[in-house]
Amino acid sequence: MSYCVNCGVELDASAKKCALCSTPVINPNVHTAVTEEKPFSEELQMPEGIKKRFIAFLLTSAMLVASIVMFFLNVFFIRGNFWSVYVLCAVILVWVLFVFPLFGKKINPFLLWAFDTLAVSGFFGMLFGMLKPNLSVLKCVLAVIVLVSLSVLILMIWLKQKKRHWTSITVILLLESAITSVLSGIAVTFFVDNYNFFVVGIVIGICAFVMMLFFIYCNRSKHIRAWLNKAFYI
Amino acid sequence: MCMKKNNGEKKGFWLKLDNAAKIFPGQNSKTWSNSFRVCYELKEKIDPAVLSRALEDIMPRFSCYDVRIRHGFFWFYLEKNENTPVIMPDIKNPCHRIKFKENGRFLFKVYYHGNRVAVDVYHVLTDGHGGAVFLSTLVARYLQLKGISIPCEGFVLSLQDKNSEEELEDAFVKNATSKAKYKRADKFVYHAKGTRMPYHTVNITSGIIPFDKLHELSKAKNVTVTEFLAAVMLDVLCKKQRAEKRKQKEVSIQIPIDLRRVYGSQTLRNFTICLRVKVDPNKGEYTFDELLKQVKYQLRLQKNEKELNMMITANMGIERNILVRALPLFVKNLGVGISFAFTAEQTTSSLITNLGYIDIPEEMREHIEKVVFMPAPGKVNAARCGVSTVNNNLCITFANVYEESDVEREFFTSFVKMGLHVKIESNRE
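In order, the protein sequences belong to chains A and B. So the first sequence is numbered by this note's numbering: it starts at 1004 and just counts up by one. So the second sequence is numbered by this note's numbering: it starts at 4 and just counts up by one.
Honestly, the hints are just simulated from the structure, not real lab data. All the pointers check out, no bait thrown in.
Facing chain B, according to a computed beta carbon distance under 7 Å, are these residues of chain A, among others: (1) 1010; (2) 1014; (3) 1015; (4) 1022; (5) 1023; (6) 1024; (7) 1040; (8) 1043; (9) 1044; (10) 1045; (11) 1046; (12) 1047; (13) 1048; (14) 1049; (15) 1050.
No more than 20 Å apart at the CA atoms, straight line, and that leaves these computed lysine to aspartate or glutamate pairs for DMTMM-like: (16) A/1020 to B/409; (17) B/426 to A/1040; (18) B/83 to B/168; (19) B/426 to B/413; (20) B/95 to A/1045; (21) A/1041 to B/432; (22) A/1020 to B/432; (23) B/48 to A/1039; (24) B/19 to B/82; (25) B/242 to B/253; (26) B/420 to B/409; (27) B/19 to B/168; (28) A/1019 to B/409; (29) B/420 to A/1013; (30) A/1041 to A/1013; (31) A/1020 to B/407; (32) B/248 to B/407; (33) B/426 to B/372; (34) B/46 to A/1039.
As the structure is a computational prediction, the values presented were derived from the model and not from experiment. We treat Cβ as the ideally placed atom computed from N, Cα and C, and that holds for glycine.
Construct the entire structure; sequences and hints are all you get.
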């Protein structure tokens, strides 16, 4: 039987230190280590994660079935222009963006980025191939895709360097959104010659910038950061 | 892992979730579930083979626990589980998240370790009282199989009897008859700061105090043991907040009340409601005697049949609302999840749940050292505690998701300062 000299509570015979204040248990009368059974088990059991591959497999099957059904409907029943190609391309885009990452345990993020960029470009390429709009719209969309994918790449490289706090990540994310939206506005105005896109880009940029200032403040204030962590269970 | 049953029990048995249970599946996440633990410490080492047989023997008596949870289009429901539950060696991190398809789809887990047998129960099945009745019957059956004669009384149910309708009923439905309107007005309150442990892990600290001495102390102050413990907890949290030198917020303690004692129900399912006692440190520094008075009057003002009926009716009102009923289950779950993020633990600083005196036969008491009752670890509540008493051993168990043990330390040393003997057991290294 031992007592904590600091807290005054009796400790379990197997305790090596006080559970309340971590004061070590030292018994000068006992020279050999007594191995008492601990009241609690020492085996830590971490629950399994969600089986992502199974979910991915289910989603892939559902998408595949839907695409095949659409194709046959298009060929035999609801004939006309090849509308099922749009559905098929949209399904491929969704699969690459959301289902493909579920298949691997830890897929290289740069590989995902490359696939996503290719899939988005491919989807719009198909749209332009089918609809054949004027060339300036194609240039616009290409410019926006390049800008967004570049900003995502920069963010990924920055995140790869070391572990960052979520408020810092939010700040950078908002800064990139502000820059990307302004640049996209400029690019679209340049190609389409419509001033409204520039105004929209500027408005989105200002909103993102103001939100960024708020998160910079959060990043610096320990109290607000702790409050946000607790309020939103982060 | 689980075998299929082949005992010719009736198929097609199903139950609606009771009113309190309806929110728990919506709160379930991949990191947290609302489950609690009841644990018996015997005077001899547990024999797993006998325990496993005892569990098989008692399962037909508890048909409302021998179930699995299923998704309906509008509501979850409980359906007869065709598997047989198994017992497992105990783990260091009990009450981690429940996944409906694991553990043979049972919503409880039976563990053993040394002299201890424990059951982790998902709150959808029952409350602390139901969990204690289940485990008491299991331990009684275990002792019977060991050749000890144990009569069936109190928390030990007779295995010869069948589940009565009253045991399976949703007692909330029967008793929600108030016409008064209940206003919910809970503010965000103080939460103790700390370093959060990794998900699925919890620090457990039990303090064993002689019940007679504590009872004498509380009687001298003209309060109940639960009120006394709640006042100590409020005192600890108020002092902690003051020491943190931050903006002072209200400190609120949640105390679940067993409604069986108020309404005389026999249900084995959920039948508790949570009351809150709170103090505002901005009004000034409270002495311990003032806190005792606050807890006593606030609790007794709420704990009467009419007030409780009003609260039950308000909860039932949500379930009975035609719009809520018409919503598909996934929308309801989403609503519960959002509501849980902004109410529940956000409006309470901690929780004290007292199972009370475990009413087991004298013959069984001789073989029991103590009963440990641990509530579900909180999400933002620093330390939540469960209390249970047997054989003059009052066991207070903290489930803490923070690494620091300052709340527990202040709490237990308060009793040492009052001259009580406290024995500490913990899973901390």
